[in-house]
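**Q** This is what each chain is made of:
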Amino acid sequence: MGTTLPQCQLSAGIPGSVPIPSEAGVGLRHPHLEAFVRGEPDIAWLEVHSENFIADGGPRVAALEDIRQHYPISCHGVGLSLGSAEGIDADHLDRLRTLFKRIQPALVSEHISWSINNGTYLNDLLPIPYTGETLRVLSQNVAQVQDYLGCRLLVENPSTYLTFNDSDFDEPDFITQLITETGCGLLLDINNIYVSSINNGFDPIEYINKVPSEAVMEIHLAGHSSEGEGDECVLIDTHNNLIASEVWSLYELALDLLGPRPVLVEWDADIPEINVLVSEANKAQKLLSTRIQM
Amino acid sequence: MLQELQSSFRKAVLTGDFSCMRLLVRSERGNIDRRLNVHRNNILASLSDVLAATYPVVRRVVGPRFFGNLARIFAETTPPRLPQLSAYGGELASFLSTFEQVQQLPYLPDVARLEWARTEAYFAADSAPLDPNKLAAVDPGDTINLCFVLHPATRLVTSQQAIYRIWKVNHPSVNNVPKIDLDVKESVLVTRPHYEVNTHRINGGDYAFVSALSNRLSLGQAADIAMAADESFDLQSTLEAHLKNGTFKEIC
Numbered sequence: 000m001g002t003t004l005p006q007c008q009l010s011a012g013i014p015g016s017v018p019i020p021s022e023a024g025v026g027l028r029h030p031h032l033e034a035f036v037r038g039e040p041d042i043a044w045l046e047v048h049s050e051n052f053i054a055d056g057g058p059r060v061a062a063l064e065d066i067r068q069h070y071p072i073s074c075h076g077v078g079l080s081l082g083s084a085e086g087i088d089a090d091h092l093d094r095l096r097t098l099f100k101r102i103q104p105a106l107v108s109e110h111i112s113w114s115i116n117n118g119t120y121l122n123d124l125l126p127i128p129y130t131g132e133t134l135r136v137l138s139q140n141v142a143q144v145q146d147y148l149g150c151r152l153l154v155e156n157p158s159t160y161l162t163f164n165d166s167d168f169d170e171p172d173f174i175t176q177l178i179t180e181t182g183c184g185l186l187l188d189i190n191n192i193y194v195s196s197i198n199n200g201f202d203p204i205e206y207i208n209k210v211p212s213e214a215v216m217e218i219h220l221a222g223h224s225s226e227g228e229g230d231e232c233v234l235i236d237t238h239n240n241l242i243a244s245e246v247w248s249l250y251e252l253a254l255d256l257l258g259p260r261p262v263l264v265e266w267d268a269d270i271p272e273i274n275v276l277v278s279e280a281n282k283a284q285k286l287l288s289t290r291i292q293m
Numbered sequence: 000m001l002q003e004l005q006s007s008f009r010k011a012v013l014t015g016d017f018s019c020m021r022l023l024v025r026s027e028r029g030n031i032d033r034r035l036n037v038h039r040n041n042i043l044a045s046l047s048d049v050l051a052a053t054y055p056v057v058r059r060v061v062g063p064r065f066f067g068n069l070a071r072i073f074a075e076t077t078p079p080r081l082p083q084l085s086a087y088g089g090e091l092a093s094f095l096s097t098f099e100q101v102q103q104l105p106y107l108p109d110v111a112r113l114e115w116a117r118t119e120a121y122f123a124a125d126s127a128p129l130d131p132n133k134l135a136a137v138d139p140g141d142t143i144n145l146c147f148v149l150h151p152a153t154r155l156v157t158s159q160q161a162i163y164r165i166w167k168v169n170h171p172s173v174n175n176v177p178k179i180d181l182d183v184k185e186s187v188l189v190t191r192p193h194y195e196v197n198t199h200r201i202n203g204g205d206y207a208f209v210s211a212l213s214n215r216l217s218l219g220q221a222a223d224i225a226m227a228a229d230e231s232f233d234l235q236s237t238l239e240a241h242l243k244n245g246t247f248k249e250i251c
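Same order as they appear, the protein sequences are chains D and R. Once you know that position 291 of the first sequence is 290 in numbering that gives the first Met the number 0, the rest is easy, because the numbers rise by one and skip nothing. Once you know that position 112 of the second sequence is 111 in numbering that gives the first Met the number 0, the rest is easy, because the numbers rise by one and skip nothing.
Because the hints were derived from the structure by calculation, they are not lab data. Please read all numbers here as calculations on a predicted model, not as lab measurements. Each hint should be verified, as a subset may be incorrect.
Simulated restraints, written as ranges between beta carbons of each label pair [as the list claims (entries may be wrong)]:
(1) D:Arg135 / R:Asn40: 30 to 38 Å
(2) D:Asp65 / R:Asn197: 34 to 42 Å
(3) R:Arg80 / D:Leu286: 37 to 45 Å
(4) R:Gly62 / D:Asp269: 20 to 28 Å
(5) D:Pro20 / R:Lys178: 58 to 66 Å
(6) R:Phe65 / D:Asn240: 22 to 30 Å
(7) D:Gly227 / R:Asp48: 40 to 48 Å
(8) R:Glu75 / D:Lys285: 41 to 49 Å
(9) R:Asn30 / D:Pro18: 21 to 29 Å
(10) D:Leu32 / R:Arg33: 43 to 51 Å
(11) D:Gly118 / R:Leu145: 41 to 49 Å
The beta carbon of each residue, even a glycine, is placed where N, CA and C say it ideally should be.
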């Protein structure tokens, strides 16, 4: 492991961030903004998509400033494109830092994927081949982000639908190398592991056993959907559903291996009433609490 | 290698022509194109959703299905340049002005401009509007020489057609869209003095007036231009309305 970097503290004359507890939180989505501004839902912490709050001003980011008075906040990025061969967009990194100074997130995370090529932003988390070249690109980009923000970045394992012929590493080995080279943390997305394991034919239990447990700083849970029948069946990471039973089982296995960690329930499409989200989070919390008592 | 791979991948997912990708990737079972199509769909469907949220009135005018197809074509040819989607879709108006299948709806690009102006206002920098007392404190003889800085959220849109009424009657909350006379010139002023975006219909003289002020002409010059555009222009009542609406940020 490289030197351990501090958690994010981008103080700018406002109270510093409240640490994310090893409890269950939910992803903050627009239909629920008002309820969280009032501090109503009983939830331990919240995660936002950083890019949704990048703006010169307006009601949305103002609402988040109110919300952070009630809940610890994690900022989860979808636009840095850590896997881009053309490198990190310095302007975007700067816009993120401006947001973080305003919101003071306790955790900052991104994805092991790419979305920018030739200055075009493809609004998806696209897969990378697990090669030595990609490892160099990703390590350099992660290091640049950590240097600029002055804090440790968590990177999330992707959901994948394809395998690259060129890949030299399996995914857990690739991620372990990235962590060793940059000192970044891991955001372990259990649903992504399950979705990828079905689509690409690997053992999800072996995967969870292989990733460096001390680097896991956060866990994600979400629902997926399936498309096609038989051999043509693909699981898609749609975040539009209740968490699948197979994912709950893998989550329990991960908790047994890792111990308590901050856990987040994500829901991004066909967003339900807030109580549905809270009840999924409560379910995740119950499984977490039993392991604290053991 | 990675740069070329990502360039091929970008072209493949935007065009739907996966031929150059087939040698680079494999799928454990099932058709590769189908797997690549998951990414193509993720991209085009999410961008269509963003456009549908930004352009609810254009969508209602052309119908949701037609809008969905149009949005996918727009997204393929005009993908985002910035990773924050609040900045996405400003070119839809110019796309519509050349899109063959909507040429019988000549007002559509201007309606899109109005909706984009509202989006820009929503995300614009926060600022307190001009305090009317500041204006009141200026020596009456000097008022005519003042210039006005527009509030960061203020936007102007003008059209040869009734874009304000088209926008108003096609609001998602209106059930029965009444018949309206389309061939009436209309101009719109969008403001956001605090956190709510407001959309005002203004007359041609007022449009000329605010345009002139936005070009840093003095109050007197702007009033002359407004009068030339519309002889019924009344400076006093127009200025009062703008102070109430939060059109300006500062006097200079």
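**Q** Each hint: holds or not?
**A** Hints, one by one, checked against the model:
1. Between D:Arg135 and R:Asn40, the C-beta spacing of about 31 Å keeps the proposed range 30 to 38 Å intact.
2. Taken as a hint, the range 34 to 42 Å is violated for the pair D:Asp65 and R:Asn197, whose Cβ atoms sit roughly 22 Å apart.
3. For the pair R:Arg80 and D:Leu286, the beta carbons lie near 43 Å from each other, so the given range of 37 to 45 Å is met.
4. In this structure the supplied range 20 to 28 Å holds for R:Gly62 paired with D:Asp269, their Cβ-Cβ distance being about 22 Å.
5. Between D:Pro20 and R:Lys178 the C-beta distance comes to about 59 Å, which sits within the given range of 58 to 66 Å.
6. Look at R:Phe65 against D:Asn240: about 29 Å separates their beta carbons, and that is inside 22 to 30 Å.
7. Between D:Gly227 and R:Asp48 the beta carbons are some 22 Å apart, a value that contradicts the proposed interval 40 to 48 Å.
8. Our hint of 41 to 49 Å for R:Glu75 and D:Lys285 holds, since their Cβ atoms are close to 46 Å apart.
9. As the Cβ distance of R:Asn30 to D:Pro18 is approximately 47 Å, the hint placing it in 21 to 29 Å is violated.
10. D:Leu32 and R:Arg33 have their C-beta atoms about 37 Å apart, which leaves the hinted 43 to 51 Å range violated.
11. Hint check: D:Gly118 to R:Leu145, Cβ distance near 42 Å, so the stated range 41 to 49 Å holds.
When each numbered hint is compared with the structure, violations occur for hints 2, 7, 9 and 10.
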